[in-house]
Amino acid sequence: MSANPRVENPSFDAAAARRRCLRYRKRILDVSQRVGALHIAPAFSCLEMTDVIYHALLRPQLDVFLMSKGHGCMSQYVILEDLGIMPTEEIERYCTPQGILGAHPDRGNPGIEASTGSLGHGLGMGVGMAHAEKLKETGARIHVVLSDGELQEGSTWEAAQMAANLALDNLILFVDLNDFGGLERISEAHPAVFPVLAKLDAFGWEAVEVNGHDAAAVYGAVAGRRGRRPFALVGRTVKGRGVAFMEHVPIWHYRSPNKEEYAVALRDLTEISS
Amino acid sequence: MRNTFADTFYEAAKTDPRLCVVVADISPAGSMEKFRREFPRRFVNTGVAEQIMIGMCAGMAMRGLRPFAYTIATFALFRPYEFIRDDLCYQDLPVTVVGVGGGVTYSTLGGTHHAMEDVALASALPNMRVIAPCDPEEAKAATLWCIGQEEGPVYLRLGKAGEPVITGKASQPFEFGKVRMIRDGRDALILGYGPTLKMGVDAAMALEAKGVSVAVASVHTLKPLDRAGIAALLARFSKVVVLEEMVPQGGLSDAVKGIAWEWGARCKLECMSLKHEFIHVYGSHGDLLAAHGIAPQRLADLVQR
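Order-wise, the sequence lines are chains Y and F.
Those letters in the first sequence? Residues 1 to 274, by this note's numbering.
Those letters in the second sequence? Residues 1 to 305, by this note's numbering.
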């Protein structure tokens, strides 16, 4: 277990990441006004980590990103839109019969590598992908964003064991530790889920914990990993981060804001420094 | 059968570096030893962990490999069922799930090791194909088909080791998706799949001595089922018996009844399958089948009834 080795990287533009994430949050709120439900809060909690993956870590045509917490996919959709990979009209047609996008990612859609939504599947597929890239000797890295709820799935720990057994140093895991399941606070209802960092360490991973909304810290921890074992970035996050009335409130796991709430949310939004 | 699978796979793997095996810590995987020695990194043992066995296969297939998941049928299919559904079938990935010991093959190990419902469960999944060869020769052909296909997931149901060859005189070769006559006859037809079909061949031989000419056909591909081929056989024979080592629901028995109705078949139709019960009997494979009502004499009686 390393103690938060903050590696300063002059090439990572934290201010630009903050500006992007503000834009992404606004975009997600916009989309929320056209549908009844959209998993805003889970997308907001993993937004900075997903942003770092797409804008600073993924090497095009080589590396892979897999959203294991499928319900966080709005964060992925708006970033893919920003990158010109996801057509804007598909974001506009989100969750309608005319479109291709639903509330969980589907393999084959632009920029989407795996169909997730059922929890506890992504890390296992990531382990298979990482092993395949090792066999093919491509040097490709696999990035996986996992919810803390998925730490309750036994399959996640089967995958964590195998990643270490196979010494998959090309596997990078981001745990979105927002401390909320769909129903309640995990640390209260299921305190034995914690400590997460020590568990990953005991399972043979190199694990580092940082503030998951501090893009520079997230990037620095990943860039500074020793890289001999599978690596886990445990990001302490806030479910609904960015909109005060949504933060730590379980109902925003799934609900879309009404018109008034939307107006308040837009007013609330500011750049998140850390 | 499992040795044939292992040898066939090993030979193909020498020229196709995409072929990999992911096993979940079972001793029958010992038959894969030659492959493992030669290609140690293409053989993964996940330990007693079947969800990651399937999840890894999915990930490997998504990155261009052709993995085979391999363990006892109950653990290959039942334990990681939702992973097979979501990771393999929903994403339509070219992964073969090999279940060894289909049916009640593991006759002394108890109900936890009996794959009595596997064909029904595998067949229920969209995109999944289901193959259950009846002898080592057919297992070889089926394995080669699985190795060569790129389209999507397959459940390959195997028996154990040491099954006799019963397709040696078959006039038709194995063809995926086609019912295959392995012994022709005039008076009646036994339709079945898997190693239990040996009982059908034995019954046909015994009845031949009494002047009754019984044909036996292997329905090795249970999904997609050769509905037209089966309908043609129902039209040709006045008596048809379905023999299957599976629960009565969701397998060949139900399917043949459906085909008979749809095509207006006039033949008499009997079905012999496992009971829809967990039976606490231990003994030989034959003992278990007999406890479920699958026995040579009863089969012969049904054919003649």
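In case anyone wonders, no lab produced these hints; they're calculated from the structure.
This structure is a prediction, so every number in the text was calculated from the model and none was measured.
Ideal Cβ placement from N, Cα and C applies to all residues, glycine included.
Check the hints yourself; a few may be wrong.
Anything over 12 Å on all C-beta distances counts as not near chain Y; from chain F, calculated [claimed, not checked]:
#: 1; residue: 47
#: 2; residue: 50
#: 3; residue: 82
#: 4; residue: 149
#: 5; residue: 225
Which residues of chain F face chain Y? A partial, calculated answer using Cβ under 10 Å [stated by the list, open to error]:
#: 6; residue: 17
#: 7; residue: 20
#: 8; residue: 91
#: 9; residue: 121
Simulated pairs of lysine-lysine, DSSO-like, Cα-Cα distance not exceeding 27 Å [unchecked claim]:
#: 10; chain 1: F; residue 1: 198; chain 2: Y; residue 2: 134
#: 11; chain 1: F; residue 1: 160; chain 2: Y; residue 2: 136
#: 12; chain 1: F; residue 1: 239; chain 2: F; residue 2: 160
#: 13; chain 1: F; residue 1: 140; chain 2: F; residue 2: 160
#: 14; chain 1: F; residue 1: 14; chain 2: F; residue 2: 198
#: 15; chain 1: F; residue 1: 223; chain 2: F; residue 2: 275
#: 16; chain 1: Y; residue 1: 26; chain 2: Y; residue 2: 259
#: 17; chain 1: F; residue 1: 210; chain 2: F; residue 2: 223
#: 18; chain 1: F; residue 1: 14; chain 2: Y; residue 2: 134
#: 19; chain 1: F; residue 1: 14; chain 2: Y; residue 2: 136
#: 20; chain 1: F; residue 1: 34; chain 2: F; residue 2: 169
#: 21; chain 1: F; residue 1: 210; chain 2: F; residue 2: 140
A quick look at each hint next to the structure:
no.	hint	result
1	47	7 Å, violated
2	50	8 Å, violated
3	82	7 Å, violated
4	149	19 Å, holds
5	225	27 Å, holds
6	17	8 Å, holds
7	20	7 Å, holds
8	91	5 Å, holds
9	121	17 Å, violated
10	198/F <-> 134/Y	44 Å, violated
11	160/F <-> 136/Y	33 Å, violated
12	239/F <-> 160/F	31 Å, violated
13	140/F <-> 160/F	14 Å, holds
14	14/F <-> 198/F	33 Å, violated
15	223/F <-> 275/F	22 Å, holds
16	26/Y <-> 259/Y	14 Å, holds
17	210/F <-> 223/F	35 Å, violated
18	14/F <-> 134/Y	19 Å, holds
19	14/F <-> 136/Y	16 Å, holds
20	34/F <-> 169/F	31 Å, violated
21	210/F <-> 140/F	34 Å, violated
Checked against the numbered hints above, the structure violates hints 1, 2, 3, 9, 10, 11, 12, 14, 17, 20, 21; every other hint is satisfied.
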